[in-house]
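In the order they appear, the protein sequences are chains A and B.
For the first sequence, my numbering assigns the number 1 to the initial residue and increments by one for each residue that follows.
For the second sequence, my numbering assigns the number 1 to the initial residue and increments by one for each residue that follows.
There may be inaccurate statements among the hints.
Okay, the calculated beta carbon distance ranges per label pair [as the list claims (entries may be wrong)]:
no. : chain 1 : residue 1 : chain 2 : residue 2 : range
1   : B       : S26       : A       : G16       : 31 to 41 Å
2   : B       : A17       : A       : Q97       : 42 to 52 Å
3   : A       : P61       : B       : Y70       : 25 to 35 Å
DSS-like mimics (lysine-lysine), calculated; alpha carbons at most 25 Å apart, straight line [what the hints assert, rightly or not]:
no. : chain 1 : residue 1 : chain 2 : residue 2
4   : B       : K103      : B       : K42
5   : B       : K103      : A       : K57
6   : B       : K2        : A       : K57
7   : B       : K45       : A       : K71
8   : A       : K57       : B       : K106
Derived by calculation from the structure, the hints in this document are not laboratory data.
Every residue gets a Cβ at the ideal spot worked out from N, C-alpha and C, and that includes glycine.
Residues per chain are reported as follows:
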Amino acid sequence: EAQVTQNPRYLITVTGKKLTVTCSQNMNHEYMSWYRQDPGLGLRQIYYSMNVEVTDKGDVPEGYKVSRKEKRNFPLILESPSPNQTSLYFCASSFRQGPSPYEQYFGPGTRLTVT
Amino acid sequence: RKEVEQDPGPFNVPEGATVAFNCTYSNSASQSFFWYRQDCRKEPKLLMSVYSSGNEDGRFTAQLNRASQYISLLIRDSKLSDSATYLCVVNRVRSQGNLIFGKGTKLSVKP
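Make a model of the complete structure from these sequences and hints.
Quick look at the structure:
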């Protein structure tokens, strides 16, 4: 089954404790992306990757890191989480249509709470 | 002008009604346009890509108006299952992989 998986689905952690949210897709997509969704602010892009070893900042990259060592995986790293990173996080992937991503498939989301 | 702007609604309509949403975007050079649907607390799912010539998929029709810089979504014969938030998505021109999501328009279809 074609899918994007994220782990964990729910996470409660404390300020400053490094964490990684994994994202994996089995569709051989070149493009992958991370978003956060907050009430009143909608979905905002954190980082995206056009292909292996190619990543770029989205609109809200501060406090996050990513890597793309393999095509299927795109982990999101919070080196020192803070309460303002409490949010619902989505990973997404797609084929590329020239320089642009095509239709994105989203993972089920990770609900992160930082206390 | 905001990069991508949508009326948040809610749009409360009876079953069988026709409803239309608009979404305006600020950069005239944007090339990629999409409508996504998001149910409460779930992941967004692609509803339609929006092409220059307009496109239709069953009860759903998407249009692009480059001159006025808006895209539209028309839903005919609304069903209860159409109740959701509809997200407009546009690519940022300087970096094509950078996508901007509108905050969404909430639709509630009532019996």
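Take a quick look at whether K57(A) and K106(B) sit within 25 Å of each other, Cα to Cα.
The given pair, whose Cα atoms are some 29 Å apart, is violated under the 25 Å limit.
Is K103(B) within 25 Å of K57(A), Cα to Cα?
20 Å, holds
Verify the proposed pairing of K45(B) with K71(A), using a straight-line Cα cut of 25 Å.
Given pair K45(B), K71(A) holds - Cα atoms ~22 Å apart, limit 25 Å.
So does S26(B) sit 31 to 41 Å from G16(A), Cβ to Cβ?
38 Å, holds
Below or equal to 25 Å on CA atoms is what counts here, so check K2(B) against K57(A).
Holds, at about 20 Å.
Hint check for Y70(B) and P61(A) - Cβ pair distance inside 25 to 35 Å:
Holds, since P61(A) and Y70(B) (Cβ atoms, about 29 Å apart) stay within the stated range.
Sort out whether K42(B) lies within 25 Å of K103(B), counting only the CA atoms.
Holds - the C-alpha atoms of K42(B) and K103(B) are around 15 Å apart, at most 25 Å.
Verdict for A17(B), Q97(A) (Cβ pair) under range 42 to 52 Å
34 Å, violated
Comparing the model with each earlier hint shows violations of hints 2 and 8; every other hint is respected.
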